[in-house]
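Protein sequence lines correspond, in order, to chains Y and S.
Just so you know, the working numbering puts the end of the first sequence at 336, numbered straight through with nothing missing.
Just so you know, the working numbering puts the end of the second sequence at 207, numbered straight through with nothing missing.
Be careful, since some hints might not be right.
Label pairs and their in silico Cβ distance ranges [unchecked claim]: (1) Thr144(S) to Arg153(Y): 55 to 63 Å; (2) Ala123(Y) to Ser52(S): 56 to 64 Å; (3) Gln207(S) to Gly177(Y): 12 to 20 Å; (4) Ile208(Y) to Arg26(S): 37 to 45 Å; (5) Ser327(Y) to Glu10(S): 31 to 39 Å; (6) Leu252(Y) to Phe183(S): 31 to 39 Å; (7) Gln140(S) to Asp64(Y): 43 to 51 Å; (8) Gly124(Y) to Phe183(S): 28 to 36 Å; (9) Leu159(Y) to Asp31(S): 28 to 36 Å; (10) His313(Y) to Thr47(S): 28 to 36 Å.
In short, the hints are calculated from the structure, not lab data.
As the structure is a prediction and not an experimental result, all values here were calculated from the model.
No residue lacks a Cβ here, since even glycine has one placed at the ideal position from N, Cα and C.
Below are the chains, spelled out letter by letter.
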Amino acid sequence: MITLGIESSCDDTSIALVENGTRVISSLVSSQIEIHRRFGGVVPEVASRKHLEAILPLLRDCLDSAGVKFGDIDQIAATAGPGLLGPLLVGLSTAKALAWYTGKPLIPVNHIEAHLTASFLTAGREPEYPFLGLIVSGGHANLVLAEGPRQYRVLGQTLDDAPGELFDKVARHLQLGYPGGPIIQKTGENGDPKRYQLPRPMAGKGYIFSFSGLKTAVMRIVAHEKDALNLPDLCASLQHAVSETFSEKVGLALSETGVKRLILAGGVAANAVLRRDMQSLASRHRAELLLPTLHLCTDNAAMIAAHGYFTAHLAPADSLAVNAVASWDMGGPYNF
Amino acid sequence: MRYLFLDASENATTSQYGDDTSFFSRRFDTDRNLGACISKVCDEMLTQAGSSLDDLDRLAICTGPGSLTGLRIAAAFFRTLALIGDKPVCGIDIFRWSLKTLQMQGESGKISLVLPTLIDKAFVVEADIDRQTCQSPQLQARNTISGAQFFAIRCDLPGMRRIDPSPEALHELIQKQPAAEEFEDILGVLPLYVIPSQAERKLEEKQ
Chain Y
1 MITLGIESSC
11 DDTSIALVEN
21 GTRVISSLVS
31 SQIEIHRRFG
41 GVVPEVASRK
51 HLEAILPLLR
61 DCLDSAGVKF
71 GDIDQIAATA
81 GPGLLGPLLV
91 GLSTAKALAW
101 YTGKPLIPVN
111 HIEAHLTASF
121 LTAGREPEYP
131 FLGLIVSGGH
141 ANLVLAEGPR
151 QYRVLGQTLD
161 DAPGELFDKV
171 ARHLQLGYPG
181 GPIIQKTGEN
191 GDPKRYQLPR
201 PMAGKGYIFS
211 FSGLKTAVMR
221 IVAHEKDALN
231 LPDLCASLQH
241 AVSETFSEKV
251 GLALSETGVK
261 RLILAGGVAA
271 NAVLRRDMQS
281 LASRHRAELL
291 LPTLHLCTDN
301 AAMIAAHGYF
311 TAHLAPADSL
321 AVNAVASWDM
331 GGPYNF
Chain S
1 MRYLFLDASE
11 NATTSQYGDD
21 TSFFSRRFDT
31 DRNLGACISK
41 VCDEMLTQAG
51 SSLDDLDRLA
61 ICTGPGSLTG
71 LRIAAAFFRT
81 LALIGDKPVC
91 GIDIFRWSLK
101 TLQMQGESGK
111 ISLVLPTLID
121 KAFVVEADID
131 RQTCQSPQLQ
141 ARNTISGAQF
151 FAIRCDLPGM
161 RRIDPSPEAL
171 HELIQKQPAA
181 EEFEDILGVL
191 PLYVIPSQAE
201 RKLEEKQ
């Protein structure tokens, strides 16, 4: 069964074809990163405009590159939230037109849930439950226990900034550029992660995350060190602090739940320090760690198609009436 | 020629179906919910017409100015239909639609069309009713606009006459205006007259 996936929740337009939820036939992404770089962040109005321009050429290229025709597609999965409303509406309206015209099922997909499926897609496997999922991106820091398709227990989330947001803000403050995550990783590659003492936010306080204090701490160091500041050491120290924070809480969750499968997902899952530390943590707990490929860490339609495939039976019959929403809890009801 | 048109430039959505002999227009109270009900709007129109998408010879959408979210939903939906259904699609902008309406109402000469956009600004277009030509719209402060030659589109503004683009004028425009048939041309059917976002305006000021 071939699922067409459409993703447009932020600044990446993406179209993909996935077979049986486990094999990527074709996956294309049109990134707006260069357009938004000059603004220092994503501008929703500009993003909406660019999605509309990009989506049909991408759809055509995706089908052409795979040698697939519209008639070969069995169902359409599209991100319905959470995300930026304008961009979401472009992708979802395109999906609705396809579904309405062809009579094929439309599966509205929760973007954050789909990030977790990306790791199973990487492994070419169907999702297996239960598992612990750590979703880390520019907008999220969620630790969840997945008990079944669209069944999640949120163990913890951030009270303020998400880690990707933290990296963006720090990179902007240090005038390193945008997006912050890859730049901070590259700058900190050969840095000393123990040079600067940064706090481990909410350490020993259960599953709650908070990263705004870490940003303030970095800014204090920058102000204090002035010309003596060692940028690689600071970037390495920051990543170490973030990764240790996650390690402590994920370790706690592995111990308390007894779950033996861990999924790392989201844009920040591409961070090499975090990936390495999660691998060590999983080994210590004798748990299986599933990581998405770097290509599937960032927003992509392949994970939308895969998640759509595995949740199609839960989608409402009148899915053409489902609306896009900026905010949508994992496992929450579809929005009409 | 059988066509289906959608205008999502306002809070309510207007749709029109027409063929060689007749047409009908309906207004749907979609408010800010067009994304959820666009297929239902099309279903209802085609059911009333006793027609189907395959029967249509042409699709048409309003390209603005107006609610950018609404215009984008309509554009995303109709452009995709044009692509997969192999249907020509044409964009109808409100200035040309208003100008055609004025001509059909027996007006003539050179005029200015005014469409409020931001709180204190409006698009102003100089146009010639007899030649059916429009200049590029200029964004002007609302309090600088008044005079007998000004027509306010779909609203009442002090010192101006009001013009409401008519279904009859739309019917004629859709029948006569060239439509995009090739893929590259379909991509060109987009909302026009996009007002720069606050971030873009700030960046422009900085530069």
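Structure-based check of each hint:
no. : hint                               : in the structure
1   : Thr144(S) to Arg153(Y): 55 to 63 Å : holds, 60 Å
2   : Ala123(Y) to Ser52(S): 56 to 64 Å  : violated, 44 Å
3   : Gln207(S) to Gly177(Y): 12 to 20 Å : holds, 18 Å
4   : Ile208(Y) to Arg26(S): 37 to 45 Å  : violated, 52 Å
5   : Ser327(Y) to Glu10(S): 31 to 39 Å  : violated, 26 Å
6   : Leu252(Y) to Phe183(S): 31 to 39 Å : violated, 54 Å
7   : Gln140(S) to Asp64(Y): 43 to 51 Å  : holds, 46 Å
8   : Gly124(Y) to Phe183(S): 28 to 36 Å : holds, 34 Å
9   : Leu159(Y) to Asp31(S): 28 to 36 Å  : holds, 34 Å
10  : His313(Y) to Thr47(S): 28 to 36 Å  : holds, 30 Å
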